[in-house]
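Asks: Sequence lines, in order, name chains L and A. For the first sequence, my numbering begins at 1 and goes up steadily by one. For the second sequence, my numbering begins at 1001 and goes up steadily by one.
There may be inaccurate statements among the hints.
[What the hints assert, rightly or not] Distance condition first, Cα-Cα at most 27 Å in a straight line; then the derived DSS-like pairs of lysine-lysine: (1) L:K32 x A:K1185; (2) L:K134 x L:K191; (3) A:K1168 x L:K69.
Think of the hints as simulated: they come from the structure by calculation, not from any bench.
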Amino acid sequence: MNTVVLLKRVPDLVEDLEVDSSGTALDSEHLKLTLNEFDDHALEQALLLKEGGGGEVTAVALDSEDVDKMLFTALAKGADRALKITGTGAVNGTSELAEVFAQALGSVNYDLVLTGVQASDDIDGQLAPTVAAKLSVPCIEVITGVEAGDGSVTVHKEYAGGVLAEFEMTLPGVLGIQAAAQSPRYAPVSKVRQIQDSATLDEVAGAGGDNGKFSIVVMTPPETGEGAQMLESVEELIAVLDSKGVI
Amino acid sequence: MTERYNLTVNTGREKDQSFVEKESAVIEGIDVSGRWNRMFVPREIQDYDLTNMHKLTAIPGAESMGWCYQCAQCMPACPVDTAGGDYGPRKIFRRLELGMDLLDSRDLWLCTTCANCLRVCPKEVDMIKIMPVARAAAVLEGNVPAELLEMFQNVAEYGNPMGQSARKRAAWIRKSDAEIRVLPKDPGPVDVLWFVGDFYAYHGRGVDAANAMARVFNALDVDFGVLGADERTDGDSQRLAGEPGLYEELAEHNIEQFKQHEHERIVVSGPHAYNAIKNEYPAMGGEFEVEHYTQFLADQIDELKPLLTGSFGNRKVTFHDPCYLGRHNGEYDAPRDLLEAVPDLDLIEMYRCKEQGYCCGGGGGGMWLDGFAAEQQSERLSENRVKEAVMVGADVLAVCCPYEVSRFEDAVKSTNNDGKLEVLDIIEILDQCMGA
Ligand code: SF4
Ligand code: SF4
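Could you build all of it, start to finish, from the sequences and the hints given here?
Replies: Structure below.
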């Protein structure tokens, strides 16, 4: 079974995010990008499937800051091929990104496409179903377990309240991964460096991208509501609790 | 005639035992035929499956593990065994004989690379070389305790083990009341390039020490600068914990930074950075003059003394030798010289000091294996050490390794010695007594 994993870089929340002077984008000066953690689980799940039953794993990502290192890391973890989508220009939102991924998959031989169930810029998890719709294949989301079958996969989907359902999905298809069967593996840096020296990244010219349908009108931090009081010290907190008669 | 027989002896292992006997023999008229004259041929008494031993000693750097002759001198020296860890080179060797795969064992992660066993071992079984290469092999197999893995990931991503923003490394400087030159913003030659280190830059108690250092430097008119957000972890703990690639990446980065700014010497806050820059960076193309801060300040003791106008109130202070300043790099005097220069400070020694200093448990990656190690031992090494400091009657445990303040403060609490023992970095003591 050949698996493709769609990897996305998202703003790293370890840095405080700030809106730039245009008011429509994040200030890139201190912006650091990192791999979406759910995509890391998708990659891990793909590698586990490969280790369990063979096949190839291809990691696909849009060209962005530090993307090469991320793709070499995927190779070091055990992916067979890394594909970088270049020259797309601005990609606004999940719908456009899904189009770019779907177009790029035209050149890839795959049975299963995995990606993270959500990302900090796609909280409602639209990437997997939108890619599936563009490829005209089935999709199941919020997956916590995948077993390979013959021309199909059996998956566990998680519902709210801890309810689990088991599905069988005919391939090809797309899965939105919530969690892999084990936490994502670590790629020792020496291995990544070795791969960096010996392997190459495949590139494909991006198609799709900016379709003119979406533009960001305004981006702002959440407005401060009423009723919240910012405390500066533990002493203040104790005073508040004391005044409420809690302690 | 002599016949040779094979007899199966029940030794727990299936093994043929050879013996010889004469069918008929008469000696001095006594009939000693058959089994009465039986003699056994020499029997192999050591018959171990040494596959795992050989797998380990085949790793370049780990050869000396095979040299152990079980003399046991290392056992009382090993701080992990002392803390109830059932550990030490002798035990590791014996377990390897009995088939243990070190790469898949808890024994791989308990050594703090403190070098106390190497000090006494007649065979030079060198855990400082064995552990990093054995661990690196285990890391390549994906076999790493979760706590340590998280640290590797943080360092790989952010350049510091806390997983904090690389940019915020300079945050303490903006809030400091001292005058600190940040070289990337304000370039130009300096006498001292101060390598601040992670704990001084990010940890609450470390920041206290960093500020103290900056104030002492200011008072001494030291011409110094720091790398600010351009600094990364020195990498020594990552190297010792089995991530050589990560170490190389960090070393390359820091060396490049050191070369960008003209300086006479590097002064470091911590013994691990000292060890890395002094002993490891040269192999990566970085030859620099480096001093631990206690050495740098001890060299200026005559200028320092007149500034120490405050009193330390006749408090009893004992000093914990950091393994990587003491045993690894032979510096025992500089920290003591500084403490002795403080007015009304009563310096007392613990039993295990200087060459025989007891390890705090933070070295060799131990800082990020605290929960793992605590589960394997009856107590933390830091707890064992704190009890000793209390036992000798110290009011203050003085340290000069940035790992140690938080380790020992936690240990003071967990051993119910809260209020009895204060943990202070030597630089904090100096700063307190500058009488400002
Ligand atoms: S001191 Fe050296 S030779 Fe003796 S038991 Fe320990 S490791 Fe073996
Ligand atoms: S280096 Fe220290 S912790 Fe490691 S085995 Fe030797 S004495 Fe024990």
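Asks: Taking the hints in turn, state whether each one holds.
Replies: Each hint, compared with the structure:
1. L:K32 x A:K1185: 21 Å, holds
2. L:K134 x L:K191: Since the Cα atoms of K134 of chain L and K191 of chain L sit roughly 36 Å apart, the hinted pair is violated (cutoff 27 Å).
3. A:K1168 x L:K69: 23 Å, holds
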